[in-house]
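Construct the entire structure; sequences and hints are all you get.
Sequence order for the protein chains is E and B.
In terms of the numbering used here, the first sequence has 70 at position 70, counting the first letter as 1, and numbering is strictly consecutive.
In terms of the numbering used here, the second sequence has 1542 at position 542, counting the first letter as 1, and numbering is strictly consecutive.
The set of hints was computed from the structure by calculation and includes no laboratory data.
Where a beta carbon is used, it is the ideal one built from N, C-alpha and C, also for glycine.
Careful, some of the hints might be misleading.
Derived CB-CB ranges, DEER-like [unchecked claim]:
no.: 1; chain 1: E; residue 1: L8; chain 2: B; residue 2: S1521; range: 49 to 59 Å
no.: 2; chain 1: E; residue 1: G428; chain 2: B; residue 2: E1244; range: 55 to 65 Å
no.: 3; chain 1: B; residue 1: Q1043; chain 2: E; residue 2: S350; range: 27 to 37 Å
no.: 4; chain 1: E; residue 1: G375; chain 2: B; residue 2: T1226; range: 28 to 38 Å
no.: 5; chain 1: E; residue 1: Q368; chain 2: B; residue 2: E1069; range: 35 to 45 Å
no.: 6; chain 1: B; residue 1: S1524; chain 2: E; residue 2: D9; range: 30 to 40 Å
no.: 7; chain 1: B; residue 1: D1453; chain 2: E; residue 2: A243; range: 55 to 65 Å
Protein chains: 2
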Amino acid sequence: MRHFVNDLDDLVSEGLDGTIISAHGALKRLDADAPAPVALRSQLDPQHVALVSGGGSGHEPSHAGFVGEGLLSAAVCGSVFASPSVDAVLAGILAVTGEAGCLLIVMNYTGDRLNFGLAAERARAMGHDVEMVVVADDIALGDASQPRGVAGTLLVHKVAGHLAEQGKDLQTVAAAARDVADRVVSLGVARDTGTVPGNDAVDRIDAAEAEIGLGIHGEPGVETKTFEALSDLVEDMTERLQAEIAHDGPIALLINDLGGTSALEMSAVTAAVAQTELGSRVELLLGPAAVMTSTDMPGFSLSALPLTDDDREALTSATAVPSWPTAGAPVKLADHVVSSPELPASALESSTPSSNDEVRSLLELACQSCVDSKGELNDLDAKVGDGDTGSTFAHAARGVQERLDQLPLDDPEALCRSLSALMTQQMGGSSGVLLALFFEHTAEAVSDSDWPDALARGLHGMMELGGADVGDRTMIDALSPAIEALQDGKGLQGAAEAARKGADGTQTLGSAGAGRSAHVSQDSLDGVTDPGAEAVARVLEAMSQGR
Amino acid sequence: MRHFVNDLDDLVSEGLDGTIISAHGALKRLDADAPAPVALRSQLDPQHVALVSGGGSGHEPSHAGFVGEGLLSAAVCGSVFASPSVDAVLAGILAVTGEAGCLLIVMNYTGDRLNFGLAAERARAMGHDVEMVVVADDIALGDASQPRGVAGTLLVHKVAGHLAEQGKDLQTVAAAARDVADRVVSLGVARDTGTVPGNDAVDRIDAAEAEIGLGIHGEPGVETKTFEALSDLVEDMTERLQAEIAHDGPIALLINDLGGTSALEMSAVTAAVAQTELGSRVELLLGPAAVMTSTDMPGFSLSALPLTDDDREALTSATAVPSWPTAGAPVKLADHVVSSPELPASALESSTPSSNDEVRSLLELACQSCVDSKGELNDLDAKVGDGDTGSTFAHAARGVQERLDQLPLDDPEALCRSLSALMTQQMGGSSGVLLALFFEHTAEAVSDSDWPDALARGLHGMMELGGADVGDRTMIDALSPAIEALQDGKGLQGAAEAARKGADGTQTLGSAGAGRSAHVSQDSLDGVTDPGAEAVARVLEAMSQGR
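So this is what it looks like as structure tokens:
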């Protein structure tokens, strides 16, 4: 299974089934007796001109996805990249055409022109009024060849669909469709070809290059070259389009994902286009949206239509077809930027320094322990992590040492908030945020609890978000028993003993479910103390022993 | 340029610009002073609970694309696949949070949990009412690890967004969000990994395989295996999901394109899911749509939520956010199939045989000439085309020979319609449709014109759709002068001479703009007669010479 398919022969029919299942009742289809899958509008008005399009599949949502109110009456779905047969098109015409007649909208490929054309002729022979418009909007190949029909076709669908919905007659609808087809121009680009279901990828475009003007079946384009930046590529494309547009007034622009481009890139394309001269002329923007795809091609196309008043009305008229990209004025960025809110001053800067000899002494002992243990903790971490626990703790400790005179040592809550700010600022990474959470939650509790309970709240706050529990080989294995010892009134001495016991116990713990050692094998863990737990034990030992 | 980007460092910000430009005014953003790009609702009601989400980028339209009425108030956009900083999240919270407070909706990744969690804590310290819900809907990894947050997060957005829009208080909104987060389950699959802008593709999944349960950053899944068919894969996935859903009532199902899957495949997936037991339980279908992507990953995910009445109301409530996939009942296919219209009987079957010795004789001569020339015409075509012109013409001629007794030889219009039908039925390909068009248009004209003018109309009808003109090295180069000779009263003899001259003239024609030789080099063409033109000349020579 190279693609998400069952039998390749059933793909187009099953795809149409899926489209109908998810269309909320707007679509029907012809039964299995039809020569090819044909999508139909659920509600047809025989007084309205019927619009029929289609062609080879692989361009979804075109065209079945554009069947519905204010758009197509039917879409005839050939096999992937292959025109449907004359009989299939004729079945589509006959299924939806009433007294008002039928307009066929056909993309300019020989097979489609011939099969739709002959079907039109046979429907006429049966007494039906049938017109056909061929869309050839691709400017890639210049004047030499038959221009291909690409995404601009959808603007023809919309203008014709709007007029048909209004009950205009066939000649009016067909003339408007031809007029749009004459004026719309498109150009595509891709950084790779799409894959055809069941086939391997075609390796034609070099990874560093982009091919301008390739067709929606992967036909070769104008040139393949390297661009330094998206803006250069977009500049090149919009200049080529601009050169083909007769007047210099406002345009409608359709930005189309060819099927496999990331949404992030498509948004970046939209921003880049807005900065071009062509972009400055856009009055109606449609997309970015995947509307005329080439299976999963990573690429995009731009379709530009110089706007008339009639176009404007037709392109902005409402339709319930969900694939249709709403047309609206592009937003001027400058009007949609809001000043960033002022972030609160760090607790480090906003708190008033105060002195408390006991607290200062304990902090000095804790910090010195971290600084002295740097090498040994790094060595431990090299066995079960990325080898930087010692450096990280030492760096944070030095930050505290340097700021001892500015800290609110005699204000427990302010001190904890300052330490929290210092941890995010000085320590960084997950450890920094985890310790910041510990001090932040301790701060919240310390004004109305004693220290042991406040620290327990801090631990709880850290564990709630950190994801690690006791037994996961983290600093929690030392911190948790130590805080319990404090809560049991065993003092710093008891806390240090509990932390040491917890830290040493990590040597025999199994593979962890979270934390730094979650992806380390059991063999590597055996006999190694978790460096975070070791750091906690050493800090508490230093504090309790006064050295 | 491996991807459509300018400076990689600007990609997320430029992408947000593009999203805002195309959002029709619904979105704003924080200015460049913000620690990261933040998308904001243009219209904020301070009386409503603010909803803030975000995380690493690369999952567009999540989450900026879901900022808007009835959904998020703000989305904080980290770098691709990297959590935004604490300060960035805090800026997002402060930009949208009023008296009603703020709910953070966070996907279950350590970085996101920590950064959003600490930002929440700091916002609380500033006096704001902030709650946080962590979504962990991915069932891929079983109970052993922290389940990841994936597309099911969007259902949490929608339910919370609906309640916030209704003015419910923070506790109510948060409780409902937690409840949905507890119940929603998701599972993804991909046939390849996505590419990270600026990086090469990771070649991890074999072309014939699919990986079930991989994460939206390409994290490894449960297993990688070969499936014979899409239906087997979908059966496997839906069974795994079904096993995780407690009750057996109706569900909402979100079908999500992971970013690089063709729309045709996504529709086939939708049809396949509908046929499963889980599919039969779907009351509300959302998608298929690309809502939580992994850049351009060719894969999809399914998210299932057992429905409560409250869910139903929230998931179907209207929102103007265009990325949101409308939820509705999946359509029962059987109710949406229409009988195929009866195609008209072929002119071959519906016409009454009649005799006309002169016409019969001319047809016999023409057919025998085609049959006799098979080898020589194939040889000519081998030099400038695909080598089958002789076989194609001979096959069609034999079809006429076999049916001479059934043809309406004395009824010009019916005869031409019969020959048209025979060409599509017996000849096939472009040549068959082209000749069918020739005879169909001739038939239309022959009742009120003489033969030469009717044939001229036939030629015109063929040329109009065929795309080739005189001088393009096709049968037109013989047919056109021959018909002109007939119109000039020069009879069959004159027509044959004109056709021969035209056919021989193709030897010196330049490279063609259309037709079979459009892509053949000039060297290969020089001195070679076009096989189609040669066939026409030989037929007319045979007819005029009576042999």
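Each hint, compared with the structure:
1. E:L8 with B:S1521: 49 to 59 Å: Violated, at about 34 Å.
2. E:G428 with B:E1244: 55 to 65 Å: violated, 37 Å
3. B:Q1043 with E:S350: 27 to 37 Å: holds, 34 Å
4. E:G375 with B:T1226: 28 to 38 Å: Once the Cβ atoms are compared, 51 Å apart, the range 28 to 38 Å for B:T1226 and E:G375 is violated.
5. E:Q368 with B:E1069: 35 to 45 Å: The hinted range 35 to 45 Å is violated for E:Q368 and B:E1069, with Cβ atoms some 57 Å apart.
6. B:S1524 with E:D9: 30 to 40 Å: holds, 36 Å
7. B:D1453 with E:A243: 55 to 65 Å: violated, 43 Å
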